[in-house]
Structure formats: C-alpha cells, structure tokens
Amino acid sequence: MNTNNQYLLMFSGSEWYNRLSKAEIQHVVEQSKAWFEGLAASGKARGGQALARTGATISGKNGRVISDGPFAESKEAIGGYMLIEAASLDEAIATAKGCPALLHGTNIEVRPLSDECPLEARARQLGCETQLTEAIA
Amino acid sequence: MLIFRGTDWYKGLSPEEMQQVGDKWMAWFKGLMASGKAVAGNPLEREGKIVSGKNRVVSDGPFAESKETIGGYFLLKVDTMDAAVAIAKDCPGLPYGIRVEVREVAGECPLVERLRREDQLVEQA
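Just so you know, the sequences run in chain order B and A. For the first sequence, this note's numbering assigns the number 1 to the initial residue and increments by one for each residue that follows. For the second sequence, this note's numbering assigns the number 138 to the initial residue and increments by one for each residue that follows.
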C-alpha cells in the first residue's frame, strides 16, 4: 500500500549526453534546472540528486563479492533520482513526462514508495493462506 | 545511496524466515538512522511505470528481470565510499541473493562537469 503519496523517479541512461554538442548540453542543463526548480518551488519535488558514475556492487553470502561499478550496461545504469509528491501514479507519471532529458534518450522509472516492508507483507499473506488451509482441513 | 536489487529472493523462504529477515532488516535500518549514518530509506511498491522516449511513452515496468529490479533504497551520510561499502555488507538480504549497489551522490551534475571539462580543454588548446 502506498498512502504517503511519495514516488521515486529514477533516471537511467547515464551516457546519453555524450552524443550532444556543448550548446545542446548547456540547453538541457538549463531546461533541467528550470524543471527541477519549478517542481521544488511548487512543493512537488522533495529532493533529488545526480549519482556519481562510479560505484560498487555487493552480493553473495559472505559479504561478499564486490565488483566495481554498476555499469555493465550503461543504458541501464541509474544516473540520478528525484523524490516527488503526487496524488496518484498517473500524476507522478505526468510529472515525469516533463523531464527535458527524455528527448535525448533518458528513461524514467516511476515507483511508489511503500508503507510496509514487502517481506512482512508477504509473510502475513502466507500466514493467512496457511490459516485458511488449516481452517478448511 | 544504497540501491537494493532483486525482488524475488524471498519467495523460497517460510513465513517465519521472512519475518526474521524482515525484523533484522528493520533493526539494521533503525540502527543506522539512530546513529545518523542513514538519513532516509524506503521500500518501493512492486508496481511501477517507465516513461521513455521523445513521445513520452508510458510502459509497464520495471520487471523484465526481477533479479535487477530495485526493491528499495537507503540514503546514507558517511565520509567515504569504503564506509558505505562496509554498511552495505551488513545487509540481511545478502545471504538470500539480494545485490546492493553502492553509489556516491554527485557533488555536481555530471552534465555541468562535462561542460567545464570541455571549457578546460579549449583553454589548454
């Protein structure tokens, strides 16, 4: 359930601007800044940051494999995020559609924040199913 | 920023195990918040949409590969990448196949940085 009206926008495609000229980059920067400042001023954007292009990924049982960077495929890599307020998923999508970098190949993943840990939700759901099965049996 | 990838890793667990991992995770997060090392964090709903392209096409997503799908994030406030990596290693989901991506928040928009770099190149030439 999402009742807090918060959505996370994640921007991917971190190398798209390498194809642009200096003037074009400047233009997108100005447009993006204006977009973000407008959202912040209206209270719709609660925060947002670009992410550095380097990083580490940790996985595996024993703490574990550390590999450099998330960037096997830079098209998929997340370049930044924005936390927004919206009354519905549709409103969040409408906000995302205003992103000036969409024109150049950025993708935006729009995800509602969750009020509840998905693990606990699933455990509860399974618990209910078990109770039902027992009740029937 | 810690980005937790993988949204189906807990499917094989019993409700008790899930509860246990969930409790451990909450305790981990609360500890980090209490010590000021984490400043925000949230699980994400499993439903979402992708907006892409010039025509702003909206598609269902992001679930092509649930191993890659982001399940949640923490925003940390620590001095070094190593400190962030050390925290990531404590993630209770790691033994079950979750992957934690550790990313530094950029001090400057990478586009602005690129512009500055080009200016420097021009000056040098």
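Because the hints were derived from the structure by calculation, they are not lab data. It cannot be assumed that every hint is accurate.
[Claimed, not checked] Estimated spans, in silico, between C-beta atoms of each pair:
| # | chain 1 | residue 1 | chain 2 | residue 2 | range |
| --- | --- | --- | --- | --- | --- |
| 1 | B | 38 | A | 149 | 17 to 25 Å |
| 2 | A | 227 | B | 97 | 35 to 43 Å |
| 3 | B | 41 | A | 203 | 14 to 22 Å |
| 4 | A | 148 | B | 103 | 23 to 31 Å |
| 5 | B | 41 | A | 223 | 35 to 43 Å |
| 6 | A | 190 | B | 46 | 40 to 48 Å |
| 7 | A | 250 | B | 124 | 44 to 52 Å |
Nothing here was measured: the structure is a model prediction, and the numbers come from that model. Beta carbons are placed, not taken as given, at the ideal position from N, Cα and C, and that holds for glycine.
Hint check results:
no., hint, in the structure
1, B:38 to A:149: 17 to 25 Å, "46 Å, violated"
2, A:227 to B:97: 35 to 43 Å, "38 Å, holds"
3, B:41 to A:203: 14 to 22 Å, "37 Å, violated"
4, A:148 to B:103: 23 to 31 Å, "39 Å, violated"
5, B:41 to A:223: 35 to 43 Å, "38 Å, holds"
6, A:190 to B:46: 40 to 48 Å, "26 Å, violated"
7, A:250 to B:124: 44 to 52 Å, "46 Å, holds"
Checked against the numbered hints above, the structure breaks hints 1, 3, 4, 6 and satisfies the rest.
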